[in-house]
Structure formats: C-alpha cells, structure tokens
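Student: Please arrange chains B and C on chain A, whose structure you already have, making use of the hints.
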Amino acid sequence: MKRSDPSKIVFTYQGDGDLASIGTAETVHSAARNENITIIFINNAIYGMTGGQMAPTSLPGQVTQTSPYGRDVNTVGYPVRICEMLSQLEGPSYLERVAVNNVKNVKAAKKAIKKAFQNQVEGKGFSLIEVVSTCPTNWGKTPEKAMEWLEENMLPYYPLGVYKDKYADKEGK
Amino acid sequence: MADKVLMKGNEAIAEAAIMAGCRFYFGYPITPQTEVAAYMAKRMPKIGGTFLQAESEIAAINMCIGVASTGKRVMTSSSSPGISLKEEGISYMAGCDLPALIVNVERGGPGLGGIQPSQSDYFQATRGGGHGDYHLFVVAPASVQEMVSLTAHAFNVAEKYRVPAMLLADGTLGQMMEPVSIEGITVEDHDKSWALTGTDCKRKHNIINSLSLLPEELEQWNLERYKRYEKIEAEEPMWEEYMMDDADVCVVAFGIASRVSRNAIKAARAQGIKVGMIRPITLWPFPKKPLLAAADKVKSFVTVELNMGQMVEDVELATRCKRPILMANRVGGCIPTPEQVLAQIVEANKLGGAQ
Amino acid sequence: MGEIVFQKPKSLCDVPLHYCPGCTHGIVHRLVAEAIDELGIEGQTIGVASVGCSVFTLLRA
Numbered sequence: 001m002k003r004s005d006p007s008k009i010v011f012t013y014q015g016d017g018d019l020a021s022i023g024t025a026e027t028v029h030s031a032a033r034n035e036n037i038t039i040i041f042i043n044n045a046i047y048g049m050t051g052g053q054m055a056p057t058s059l060p061g062q063v064t065q066t067s068p069y070g071r072d073v074n075t076v077g078y079p080v081r082i083c084e085m086l087s088q089l090e091g092p093s094y095l096e097r098v099a100v101n102n103v104k105n106v107k108a109a110k111k112a113i114k115k116a117f118q119n120q121v122e123g124k125g126f127s128l129i130e131v132v133s134t135c136p137t138n139w140g141k142t143p144e145k146a147m148e149w150l151e152e153n154m155l156p157y158y159p160l161g162v163y164k165d166k167y168a169d170k171e172g173k
Numbered sequence: 174m175a176d177k178v179l180m181k182g183n184e185a186i187a188e189a190a191i192m193a194g195c196r197f198y199f200g201y202p203i204t205p206q207t208e209v210a211a212y213m214a215k216r217m218p219k220i221g222g223t224f225l226q227a228e229s230e231i232a233a234i235n236m237c238i239g240v241a242s243t244g245k246r247v248m249t250s251s252s253s254p255g256i257s258l259k260e261e262g263i264s265y266m267a268g269c270d271l272p273a274l275i276v277n278v279e280r281g282g283p284g285l286g287g288i289q290p291s292q293s294d295y296f297q298a299t300r301g302g303g304h305g306d307y308h309l310f311v312v313a314p315a316s317v318q319e320m321v322s323l324t325a326h327a328f329n330v331a332e333k334y335r336v337p338a339m340l341l342a343d344g345t346l347g348q349m350m351e352p353v354s355i356e357g358i359t360v361e362d363h364d365k366s367w368a369l370t371g372t373d374c375k376r377k378h379n380i381i382n383s384l385s386l387l388p389e390e391l392e393q394w395n396l397e398r399y400k401r402y403e404k405i406e407a408e409e410p411m412w413e414e415y416m417m418d419d420a421d422v423c424v425v426a427f428g429i430a431s432r433v434s435r436n437a438i439k440a441a442r443a444q445g446i447k448v449g450m451i452r453p454i455t456l457w458p459f460p461k462k463p464l465l466a467a468a469d470k471v472k473s474f475v476t477v478e479l480n481m482g483q484m485v486e487d488v489e490l491a492t493r494c495k496r497p498i499l500m501a502n503r504v505g506g507c508i509p510t511p512e513q514v515l516a517q518i519v520e521a522n523k524l525g526g527a528q
Numbered sequence: 529m530g531e532i533v534f535q536k537p538k539s540l541c542d543v544p545l546h547y548c549p550g551c552t553h554g555i556v557h558r559l560v561a562e563a564i565d566e567l568g569i570e571g572q573t574i575g576v577a578s579v580g581c582s583v584f585t586l587l588r589a
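Residue numbers (the numbering used here), protein chains in the order written: chain A, 1 to 173; chain B, 174 to 528; chain C, 529 to 589.
Here chain A stands alone, though its shape is the one from the complex (with noise of 0.2 Å):
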C-alpha cells in the first residue's frame, strides 16, 4: 500500500498471532526492507479471539488452551522478543516496548506511538511500537488482577525501553 503511494500514511495493528507467529516473515523482511510505515504490535501473550490459545510470546509455564499443563520451553521453546530480535536488523529505524499498564507508561506508549507516526511523515523508514498489554479475559482474571499479572510477569520477559534509534544520537533525543 505504502509503495502504491508513498503519501499515505499507513500502519498497521496487529497481535501477536498476526506478526509474531503466522507473519513472522513478512515482518522480519519488511523490517530489513525498511518500510516507511508504522506498526503497532499488541502482545498480550495469547491468542485472545480464537478463544485463547499459545501465542509466541506466552511466558513459559503459562496454561493456555494449546499449553494445558503450561508453556513447557523443553518442547515447545521459549517465548519470542520481537524488539530485540529485530534490533539486530541492519534496516529498521524505530523500535520501541511500551505498556499501558499506569498513567506513566501510558504517557510514554503515547510519545512513542506519536514519533512512530511522525517517523513515517518524515520519510524515517520502519516504525514499531510493541504495547504490553493484558488479554483478562483469556488470561481468567479481572482487568485488575490482569494488569498485575502484566507488571509482575510480563514486564521482567519483555523489558520496557528504546530498542532502535536510527535518529536518535542525530537529534539527541
């Protein structure tokens, strides 16, 4: 879409069933390739519409409906670091983990959601926002319990932080 006409603006919102295990591929190489677009990628450790299935990034012991008896990394592996994996790509510009768990993370998603997009009207090249996010209902907790969860499990997995600047020693930011 983005190379049918370079003036749009187009992102993209997708899980992590989406990029992270079905669209593995298509991310990687776009991300190599440098796409002038943004995404936002929402891993809430489960595949929430299907009925809550393993995703990639389920933590390991985590019971799902494929993973029963919990997530056993010895036949199954472990879980995928999306930011970090494509930080080692030569091409991607912007990669950033965010959550919204409190008012001071949702500030920061919002920074960074906003330069994503700015990245994007300024011709930057490939954007992604990881947001940490909850999946209650899936997860068999209330959206409180759900959010504790997050902090206390999800969020030593998959750190919070700037992966990849292209522009950021350039502008000091």
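Because the hints were derived from the structure by calculation, they are not lab data.
A quick note: this is a predicted structure, and the numbers were derived from the prediction, not measured.
Cβ atoms here follow ideal geometry from the backbone N, Cα and C, with glycine treated the same way.
Be aware that a few hints might be false.
Unchecked claim - Taking lysine-lysine and the BS3-like style, the derived pairs with C-alpha atoms no more than 27 Å apart in a straight line are: (1) B:215 to A:141; (2) A:111 to C:538; (3) C:538 to A:114; (4) C:536 to A:8; (5) C:538 to A:107; (6) A:104 to C:538.
What the hints assert, rightly or not - Some chain B residues near chain A, calculated using beta-carbon distances under 8 Å: (7) 203; (8) 204; (9) 210; (10) 211; (11) 214; (12) 225; (13) 226; (14) 229.
To be verified - The calculated label-pair distances, taken between Cβ atoms and stated as ranges, are: (15) A:61 to B:380: 36 to 44 Å; (16) B:393 to A:140: 52 to 60 Å; (17) C:537 to A:25: 28 to 36 Å; (18) A:4 to B:177: 51 to 59 Å; (19) A:122 to B:507: 42 to 50 Å.
Tutor: Just chains B and C, lined up with the frame of chain A:
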C-alpha cells in the same frame, strides 16, 4: 452394546484419530475448528504422542509431510482460509504419495469470510485443491458418529493407496454434540516399506520426492498414481440412500445439508410427494453409479448445499444432465431451512421428463 | 466555566468498541487516534488490521 459418550464433533474427530493410532498432530487455531487442537493439546502428552501448535498452517502441513514420510499416522486440521494456505503442502503430499489426514471444518468465505458454517470448499477438496493433477480421498460426515467412523476409515484408505485424505466437515458438525461410540475402530496394517526409517545399512535407501527433471518420468509417476485413483473410484465410493425405492424426486446433499433435507423429505412425504435422498459420504470418489441409476428412475433432482452451487456440477456430470436439477442453497454462513428445501422439492415434483 | 480536559479523539469513530471490559485495546486505539489527530494526518491515513481481536479496529458491525 457399546457405551456412548456425548461428544462435540471437533473433539470426536480428535479422539477417533487417537483411537486410530495417530500420535502426531500439528495445527493452528482458527474458528470453528480450534477445539481439535485444544483436545489434542490435552490428550497427546498423556499418551506419549506429539502435539505442536505450529507457527502457521503452512508450517503445520510441512510438519505433517515430515512425519508422514516416516510412515506414521499424522493429522492436521484447519478451516477454509487455513486449508488454502496448506494447499501447496497438500499437493506435495500427493506428489510424494504420502498418507495423512487433513481435516477442514468449513466456514463462510471467500477470504476471511465468516465463522459460521459453509460447504463452499467442495471444489477445493474434490479437485485436488492445490496445483497439479491429483485427488484426495475426501469424506463428508453428516453426524458426530460419522466424524468418528470416517476419521478412522480415512486413515486406513490413505495408507492402503498412499494418498492424502481429507475429512470435509462444516462448522455446525464441528460444534454439535451427539452421543457417539468410540469403540470398534480398526487400524489396518498396510505396507510401509517405502518409509524413511533409516536403512541401518541393511536395505536400499528410500526417497520421498515429487520432483523430476525428466518429463517422461514425471508423466509415468502421474500415470501410475492415476491407476491407483482408478482403483479407489472402483472400490471406495460410499453413499447412503434414504427413501429412494419409489422416489420421483431425488435430493442430493452431504453433511449438514443432508440433515436439513431429511426434515424436508419427511414433510414432503406427508404431502404425498415421493421424494428420497442420495447422500454422498465420499465426495471423492463421488458416488456416480447410484446417481446415474437414479437418473433413469426419477423425474428431477434437488441439490442442497451451503455454497453457490458446487456439488451440483458433479451431480450434472454423474447424471449426464438427463434430468432437471433444482438447487436449494444458502451461503455466507447461513444454513438452508427445511422450508426452503421443501419448496424446491415441491417445484421439482412439478417438473418431469428428460431434458 | 467548564474546561474540556479529556475527550474522544476526532479520528476515533463514535461506535461502541467490541472489546472485552478491561481490554487494553481500548487504550491503545485512543492513543493511536490522538497521535493521528495531533499530527493532522487523518485525511492521509490508511490503517491495516490483522486477523485476531485487532480486526475489530476496522469492523463497524
């Protein structure tokens, strides 16, 4: 008498596969078949089997190719869009003459479509589905009990002829719960000397491959494969006849459409219309013989499908277009009602004579 | 005299969200819409939603 348990269609398929000796399942979540994967996730580790949620449907079918090459029973399941993703792999399986079971619990299409049932993958299932000249052994259950019996049967036929098999169900059958008996499943023993099991330096090495750089050789492989298909067409068609003895009108329907049609037929009979049904159970090989025979006895046909008209073409071919054929269809996830089918039966009854 | 301190972003359609109560999709949708509003790019923006709950980003029904 066998004990019966209440089971959901999707789960019945999984349990039947396990009873049939399948110890490998690779799949990916997609509505309305995710219960197959969830059930396998629970059961396989308990019996020393392997369950893996692949990263995509393409990865899952390729994992099946791996296991099938070693001569073991393997299954994957998905729904319409996921089956489309698998089609390259399925073509490879056919070209490598690998037995396996692929389950399609159909949903509305095309594209992302809907999550409600359909039968709109009939063409895809019965015309190979992927590229190249090939066929799958395709079965279409119409009850949860048939989800069990046909799963077991498909594994046996697949191994007997070295062809991949497909179980074509729809979202309703997948979600419906009925009492079933899981007993009485037979696991046939077929030759597996072709499988990749390591030579132990005691035998010539086997090769599983679908590539040939010599056109005449590739042609020979195709011709040999089609000889096996001829055998399947001669010996494996399955169908059910319902009230056909004195029928003037013949309804043709498979899967959930056949369940709806039964109600319509009963209502039509109550009105004095002599109508019956031929229900294909194997969609490939299609039961051509009974349909051709029926074409000489009935006045007209009514096909009932959850698509824009796919099986109807096979009915036309089988009956050589000798009789008029009316359709009672719904798409998008909608299911034909008995009233809709009855209306077409009434119309078909008014028609008559050869075309 | 009242002052508006918080309101729904202009580019977020005024339709009920499809998400579960407590789902963070709602928050992120708002942040994306605010960013689009603040950058003034609504007229040039095309969004692509994936298979999964995120598909509700574009479904109205």
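Student: A separate judgement is required for each hint: does it hold in the structure or not?
Tutor: Consistency of the hints with the structure:
no. : hint                       : verdict
1   : B:215 to A:141             : 22 Å, holds
2   : A:111 to C:538             : 18 Å, holds
3   : C:538 to A:114             : 15 Å, holds
4   : C:536 to A:8               : 24 Å, holds
5   : C:538 to A:107             : 19 Å, holds
6   : A:104 to C:538             : 24 Å, holds
7   : 203                        : 7 Å, holds
8   : 204                        : 6 Å, holds
9   : 210                        : 6 Å, holds
10  : 211                        : 5 Å, holds
11  : 214                        : 4 Å, holds
12  : 225                        : 7 Å, holds
13  : 226                        : 5 Å, holds
14  : 229                        : 4 Å, holds
15  : A:61 to B:380: 36 to 44 Å  : 42 Å, holds
16  : B:393 to A:140: 52 to 60 Å : 57 Å, holds
17  : C:537 to A:25: 28 to 36 Å  : 34 Å, holds
18  : A:4 to B:177: 51 to 59 Å   : 58 Å, holds
19  : A:122 to B:507: 42 to 50 Å : 49 Å, holds
In summary, this structure violates none of the numbered hints.
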